[in-house]
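K.L.:
So the chains spell out like this:
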Amino acid sequence: MNAGDRVRVERGDVTHEGVLMPSTTESELVVKLEGGYNVGVDREAATVDVLDTDVYAVGTAGDTESGSEVAFDDDLPTVALISTGGTIASTVDYRTGAVTAQFDAEDVLRAVPDLAGRANYRGRVVANILSENMTSDVWQELAEAVREEVEAGADGVVVMHGTDTMQYTASALAFMLDTPVPVVFTGSQRSADRPSSDNVMNAVCAVEAATADCAEVMVCMHAGSSDDRCALHRGTRVRKNHTSRRDAFETVGAEPLGHVDYDAASAEESGAVTFHADHTARGENDLRLAAELNDDVELLKFTPGMDAQRLERLAGVDGLVIEGTGLGHVHTDLVSTLDEMVDDGTVVAMTSACIEGRVCDRVYDTGRDLLDAGVVEAEDTLPETAYVKLMWALANRDDPAATMGESLAGEATDRSTPWQA
Amino acid sequence: MTAYDYDELGLVAGLEIHQQLDTPTKLFCRCPTGRREPEESTRSFTRYLHPTRSELGEIDEAALEESRVDREFTYLAYDSTCLVEEDDEPPHQLDGEALETTLEIAELLDATVLDGVHVMRKIVVDGSNTTGFQRSALVATEGEIETSDGSVGIEDLMLEEESAARIEETDGGVTFGLDRLGIPLVEIGTKPDIRSPEQAREAAERIGMLLRSTGQVKRGLGTIRQDVNVSIAEGARVELKGVQSLDDLDDIVRGEVDRQVKLLDVAAELRERDASVGDPTDVTEVFVDTDSGVIAGAESVRAVPLYGFDGLVGREIQPDRRLGTELSDHAKRQGAGGIFHTDELPAYGVTSDEVEALRAAVGAGERDAVALVAADDAVAERSIEAAADRARDAIEGVPEETRDAKRDGTSSYLRPLPGAARMYPETDVPAVEPDPSGVETPELLTERVERYQSEHGLSTELAEQVAYGQRMPVFEAAVDAGVDATFAATTLESTLTELRRDDVPVERLTDDHLLDTLELVADDDLATEGVNEVLTTLAAEPSLSAETAVEETGLSGVSESEVREAVVGVVERNAEQVEEEGMGAFSALMGEAMGALRGKADGDLVSSVLREEISKRS
Chain V
1 MNAGDRVRVE RGDVTHEGVL MPSTTESELV VKLEGGYNVG VDREAATVDV
51 LDTDVYAVGT AGDTESGSEV AFDDDLPTVA LISTGGTIAS TVDYRTGAVT
101 AQFDAEDVLR AVPDLAGRAN YRGRVVANIL SENMTSDVWQ ELAEAVREEV
151 EAGADGVVVM HGTDTMQYTA SALAFMLDTP VPVVFTGSQR SADRPSSDNV
201 MNAVCAVEAA TADCAEVMVC MHAGSSDDRC ALHRGTRVRK NHTSRRDAFE
251 TVGAEPLGHV DYDAASAEES GAVTFHADHT ARGENDLRLA AELNDDVELL
301 KFTPGMDAQR LERLAGVDGL VIEGTGLGHV HTDLVSTLDE MVDDGTVVAM
351 TSACIEGRVC DRVYDTGRDL LDAGVVEAED TLPETAYVKL MWALANRDDP
401 AATMGESLAG EATDRSTPWQ A
Chain R
1 MTAYDYDELG LVAGLEIHQQ LDTPTKLFCR CPTGRREPEE STRSFTRYLH
51 PTRSELGEID EAALEESRVD REFTYLAYDS TCLVEEDDEP PHQLDGEALE
101 TTLEIAELLD ATVLDGVHVM RKIVVDGSNT TGFQRSALVA TEGEIETSDG
151 SVGIEDLMLE EESAARIEET DGGVTFGLDR LGIPLVEIGT KPDIRSPEQA
201 REAAERIGML LRSTGQVKRG LGTIRQDVNV SIAEGARVEL KGVQSLDDLD
251 DIVRGEVDRQ VKLLDVAAEL RERDASVGDP TDVTEVFVDT DSGVIAGAES
301 VRAVPLYGFD GLVGREIQPD RRLGTELSDH AKRQGAGGIF HTDELPAYGV
351 TSDEVEALRA AVGAGERDAV ALVAADDAVA ERSIEAAADR ARDAIEGVPE
401 ETRDAKRDGT SSYLRPLPGA ARMYPETDVP AVEPDPSGVE TPELLTERVE
451 RYQSEHGLST ELAEQVAYGQ RMPVFEAAVD AGVDATFAAT TLESTLTELR
501 RDDVPVERLT DDHLLDTLEL VADDDLATEG VNEVLTTLAA EPSLSAETAV
551 EETGLSGVSE SEVREAVVGV VERNAEQVEE EGMGAFSALM GEAMGALRGK
601 ADGDLVSSVL REEISKRS
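Which chain is which? The protein sequence lines are V and R, in order. With this note's numbering applied, the first sequence covers 1 to 421. With this note's numbering applied, the second sequence covers 1 to 618.
FYI, nobody ran anything at the bench for these hints, they're computed from the structure. Predicted model only: the values in this text are computed from it and were never measured. Don't take each hint at face value.
Below, a list of computed lysine to aspartate or glutamate pairs in the EDC-like style, where the Cα atoms sit at most 20 Å apart [stated by the list, open to error]:
1. R:K332 to R:E400
2. R:K191 to R:E205
3. R:K191 to V:E17
4. R:K262 to R:E272
5. R:K191 to R:E16
6. R:K406 to R:D320
7. V:K301 to V:D318
8. R:K191 to V:E356
9. R:K191 to V:D13
10. V:K240 to R:E89
11. R:K218 to R:E16
12. R:K262 to R:D320
If you want the footprint, here are the derived chain V segments under chain R, 3+ residues with CB under 8 Å [what the hints assert, rightly or not]:
13. 6-20
14. 23-33
15. 236-249
Non-contacting residues of chain R with respect to chain V, defined by C-beta distances greater than 10 Å in every case (computed) [stated by the list, open to error]:
16. Q244
17. D247
18. D282
19. T402
20. P473
21. E533
We put the CB at the ideal spot given by N, CA and C, even for glycine.
Assemble the whole structure, with the sequences as input and the hints as a guide.
P.N.:
See the structure below:
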């Protein structure tokens, strides 16, 4: 008896006939009835007859069709679609019942037919993981893949990525790459296996952004609850600020860099993509990759009453980003430990748990003591971005501590003007 | 309508009854289940839906047809809805109270509860669910109910979420309200054991009675909906959706049998004529100079020759509905305004010369018919194909489909029958193992009627009114509190009916208003004669309590002599103060007197009696 078999299950007076589903467990048989409902039957109390084997190849939805070769159109730009897994390219795993990634880039084209006719696509799979399983190795592989795609002539790159850690990966690529073309991250907050998935609009808008004029690393996700426009966020300033909403992604400390109007994009009208601020133009930068990272960096959120020992255990790391309170503080008793760590060669950068706003350690005594101890202010850089930045700076810059106070990829601003892009 | 021998025709019918449950919260979130007015909406947003594959790799035909029309859906949200209804937060766990009530219903239907209840997603991309699917779980199977024509099997009992309410339709899309989305709904499907229109109605009535016996179902328009599946031996299964009233159910079945018989007659005649359907062609040229407003305004005109159909496209299938109407309904689903066909032309500004030219253009002769669609290019192409497909089905006989039931017993095409392919597991909600062992069987309303007669001495009519009425729980509580049963029953039924006739908004009276009023009478704090006035006051000002309403209406049960008695007591207890201060003691004593009367007495009366008593002693 295997998943996909047609079975008759008798339990007391009731008989169920249907297809055995892979979600069956040791204690429960799960049978899909004619009408489509799944029912659970206590395995011990039931007798099972297999009527027919392998009626359905369950759990391989979408695998049955062969990938069709899409004709190349010289008039269209070429967009590289790089998949790393995640909700946008996911389907239901009937074994665990969870949603896991099973699609490659061609499947995404099949899943999102609306992408057809907008560009010539080059599909590529760098990873097939949920974004919480992302590692810095994959960031590096992804950056290398983007470089290869751009070298091979892609006019823009769309990276499909799980939303949980998208902001880290986007930041990593922003620091590693000088790109002459747009690199647009997108994903979905509702998995692609449901009719209401945001994947279609996000993917369409991301492709539009990838063929537009802004040669930066961006994140393209819903701007609001409605399916009307996507926001384009600078990769280093974006944060997932909600667990489940379509518009979970926000540019922190500024308005989004740009927007993509979905109705205009759907109608294939021009002007669907608009930018609201200065940005690096297409072709302005030469392609360059500096993918080295130093993994020996910690991100520590300070909490009231934190034991000094927790900090002491981090002694010897190459880099430490602190998410401090308010303007950038920790308990006064921790300052001496930080002092020792800096003396010992650790680069310690201060960010704020406020998320919004700029760190300023010159206002209160604790801050001044932190500065005296050698802690550097990361300005208005997001804690998560500062973490990635420090990994990169330690591997690529002679003076990583000083680098934390400069802006490399728009992660820190000179002027605090949150009302504008 | 012809009288048929339903046995001979091989009538087979089954019911699907959908009933909203009256739980405090929705099925997958903790929002309240009350309905709202569109004007109360606090925000709105728009979405699109896209069909997906089921776990077996199939796309449902009904879902696919729905999605061909790219529509924008607008949703109205309220201060009583949350992100779950907006599909911006995963569903919470299945509501325990709704499941409990469903288990009670299973018990009443004599159905067997499943070991594992798995919530499924039933794909519905018409916008009525923000997710693009309706969450639905099979809870029990294999039940049975009795009718006077024999028992009817219960195929299944589902617990599912109610869809969003359709508010208005525009060219570009549809507006829905989220207040209804997620209200728990049970769906009961019978086996196809029903053999006559009367039995269909009786089975539906029986199921309705069982549902209401739980005391946990919503009442009022739209809270229960009946669908009926009808087929005759030579015909096909047709699902008629949305029968709002039980009274219409038998007529709907009769009407559908009649429709299938007539379609079979048409099919027989078409086959005799060796009829066939040709290929649709572009006939825009024929109508370049037409005076027909509908056609002249369109980008493209497409037509299909229906060989051997002459005269049959205009044949009446249901009162005021022809075969052509069916073709038209299918074309409309693809976006066209409808079709024209040669059985009704020349008309609508189309001249006989144009009809001749049309016939010539598609190669149709005297014995043939032609159907045409005028619309935008893409719409015209899809629509004429849909009409042609329907015409092909007419040669075969009766197509399987879902139809919209109308009050007059007719119906119109809605969509193809949904298949199993539209179901896949709702992975966001873990399966539950229900425990039906602790479920108590509710007293049936039929049993309740008998008990009201034997225990409380109510007449049959009054007992039925109360037991089946919405205020039954108030009656139960009042009797428990010692209110006379006949008085409680008459008040809740006759009195309220009288007041409603006098335009008193009795629907605004809460159960507490009614119960408290009845109890005030039982406690002699309100005279029986005052009930109408108190209820009228409460209906006008529902924020009042029954007790304050009694005071405001001056119907307090405290008589002047009782007031005097209480006042004298107060004055005597404070004799010293009265002697010293005279009228100066009034305000202090007034407070005490009102307290002694527990606020039941009229203040002016107390005040005047008190003045009298003080002046007597000072």
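K.L.:
Each hint: holds or not?
P.N.:
Structure-based check of all given hints:
{"no.": "1", "hint": "R:K332 to R:E400", "result": "holds (18 Å)"}
{"no.": "2", "hint": "R:K191 to R:E205", "result": "holds (16 Å)"}
{"no.": "3", "hint": "R:K191 to V:E17", "result": "holds (16 Å)"}
{"no.": "4", "hint": "R:K262 to R:E272", "result": "holds (15 Å)"}
{"no.": "5", "hint": "R:K191 to R:E16", "result": "holds (10 Å)"}
{"no.": "6", "hint": "R:K406 to R:D320", "result": "holds (13 Å)"}
{"no.": "7", "hint": "V:K301 to V:D318", "result": "holds (17 Å)"}
{"no.": "8", "hint": "R:K191 to V:E356", "result": "violated (61 Å)"}
{"no.": "9", "hint": "R:K191 to V:D13", "result": "holds (16 Å)"}
{"no.": "10", "hint": "V:K240 to R:E89", "result": "holds (15 Å)"}
{"no.": "11", "hint": "R:K218 to R:E16", "result": "holds (17 Å)"}
{"no.": "12", "hint": "R:K262 to R:D320", "result": "holds (13 Å)"}
{"no.": "13", "hint": "6-20", "result": "holds (count 6)"}
{"no.": "14", "hint": "23-33", "result": "holds (count 5)"}
{"no.": "15", "hint": "236-249", "result": "holds (count 4)"}
{"no.": "16", "hint": "Q244", "result": "holds (25 Å)"}
{"no.": "17", "hint": "D247", "result": "holds (29 Å)"}
{"no.": "18", "hint": "D282", "result": "holds (24 Å)"}
{"no.": "19", "hint": "T402", "result": "holds (15 Å)"}
{"no.": "20", "hint": "P473", "result": "holds (34 Å)"}
{"no.": "21", "hint": "E533", "result": "holds (50 Å)"}
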